[in-house]
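Working from the sequences, and respecting the hints, build out all of it.
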Amino acid sequence: MEGFNYNLIDISYFDLLISLGLIIVAAGLSRFQHMGIERDLFVGAIRTFIQLLAVGYLLKYVFAFDRWYLILLIIFIMIIVASRTVTQRQRKKTKELPYIVGFAMTAGSGITVFVATQILLQIKPWYEPHYLIPLAGMVIGNSMNGSTLAVERIDSEIQSRKLEIEAYLALGATARQAARTCIRSAMRAAMIPTINSMMVVGIVALPGMMTGQILSGTSPLIAVKYQIIIMYMIAFSVAISSFILANLRFNRYFTSDHRLKEEVL
Amino acid sequence: MNKTKIELYNVGKTKNRIKILKDINLRFGSGKIHILIGPSGAGKTTLLRLLNRMDEPSSGKIEYDGKDIKDIPVLELRRRIGMVFQIPVIFDGTVKNNLSVPYSLRTNSNHVNEEDLINALELSGLRNDFLERRASDLSVGEKQRLTVARALMNKPDVLLLDEPTSALDHFTGIKLLESIKKLNEALGLTIIMVTHQLEYARILDGRVINLVNGTIVRVEEVEDSFLDSESI
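These protein sequence lines are chains B and H, in that order. Under this note's numbering, think of the first position of the first sequence as 979, with each following residue one higher. Under this note's numbering, think of the first position of the second sequence as 106, with each following residue one higher.
Hints are computed from structural coordinates only; laboratory data are not their basis. Be aware that one or more of the hints could be misleading.
[As the list claims (entries may be wrong)] Here are the computed distance ranges between Cβ atoms for each label pair: (1) H:Ser209 / B:Lys1070: 46 to 56 Å; (2) B:Met1176 / H:Asp170: 51 to 61 Å; (3) H:Val324 / B:Tyr1077: 45 to 55 Å; (4) H:Asp170 / B:Ser1138: 32 to 42 Å; (5) H:Arg323 / B:Thr1072: 42 to 52 Å; (6) B:Val1021 / H:Pro144: 41 to 51 Å; (7) H:Tyr114 / B:Ser1138: 29 to 39 Å; (8) B:Ser1138 / H:Lys127: 31 to 41 Å.
Please read these numbers as outputs of a predicted model, since none were measured by experiment. Each residue gets a CB set at the ideal place from its N, CA and C atoms; glycine is no exception.
In structure tokens, the structure reads:
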């Protein structure tokens, strides 16, 4: 990667301890104001420290070991954890939900990461972990948020629009036609955060990845180009995952002969 | 001649282990007005919803024109047996948009014959200059008429009405029923209406089926039922 005359400053563990001082100050403020969040703040700070350090070591090992199956396994675990998170966020947890979420996220993120790494960046070898893992992580994380919103929205829309859905069915609509507005609304809900962030990126917020690349010495222009690709990847992947999810999820509310199930009514 | 349009054979319906309908045997003659009457919770709406398969019976069989309704494609059945609900559900857009829905569901096109639109409006008692009005601006009574007109766009031969006047004031309700009676006369449409007010049976001059606790307690022509209307 192109760098300037730039010496990356390593951070020692002593430096990390000093930065913990910032948390102590924040906790002091919390106590002073009787906010009662000191404990959470410390637990959060310690979890951040342990989780990130563990990931750091894990990635260091994975990068050194450099085997495609290990990298795919890590991505697979990411998808499983993200799917579980989406499922746990829902009030209506049904048997099939983890599977359809897993499928939607695998399809959405899979296509996206494939296009980005194999067609655009053409990384070599194809599983080059320095690219594959962070890109997949970002895409899966965003798909997870989009999927959570999509499932939550389609569930609530079908409940709140059941009179409208029945009116459509009584006119001879198929279940899909009757649920069209709900499906649309779920996809829109999933996409809005991504669209919002595309609107303000670089103006209101500097994305973490881009900032990270710049900090590590990459030319801002290269960092920006990566960020552009990432934003498009995220939008695409959220669109695909939420499209698949909304279209699979609405089905559980209908019988095969286009009736709303009694549990909904 | 009194042809049978819909016939129920030993129809039962159980929901959450409660028997809502018990062994119903019933005939609905073609081109007639039938009124399902009875106290709340008697199973009237449940019975109505079985006829166009918005619900499924737990036992028994229902025939439409002598054919088991399960053998008729459900979407086609629902087009032949239209339904109007208690609370009028209006879709977004104009009156015309609403009336075009049945056609666009069938064909994916919005080019509905203007004549059909005006015809449906007039039959349901709405003025034809309503076409371009925003449907959400209509009064409740007009909205209910619009849902009748919308159901007519499928050219059904049966119309199910589930307490269509309950959201309307008394006067508007009676006006709606008069239009429904005219519909029956003009189109020979079979009407099956649920209500708990016997007065409506009088206006529609229909056959009264009295349902109590999921069982038919009496079926009578309208003249007889008024003799002891207080008992219902």
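Hints, verified against the model:
| no. | hint | verdict |
| --- | --- | --- |
| 1 | H:Ser209 / B:Lys1070: 46 to 56 Å | 31 Å, violated |
| 2 | B:Met1176 / H:Asp170: 51 to 61 Å | 57 Å, holds |
| 3 | H:Val324 / B:Tyr1077: 45 to 55 Å | 51 Å, holds |
| 4 | H:Asp170 / B:Ser1138: 32 to 42 Å | 37 Å, holds |
| 5 | H:Arg323 / B:Thr1072: 42 to 52 Å | 45 Å, holds |
| 6 | B:Val1021 / H:Pro144: 41 to 51 Å | 60 Å, violated |
| 7 | H:Tyr114 / B:Ser1138: 29 to 39 Å | 37 Å, holds |
| 8 | B:Ser1138 / H:Lys127: 31 to 41 Å | 34 Å, holds |
Violated hints, listed in ascending order, are 1 and 6; each of the other numbered hints is respected by the structure.
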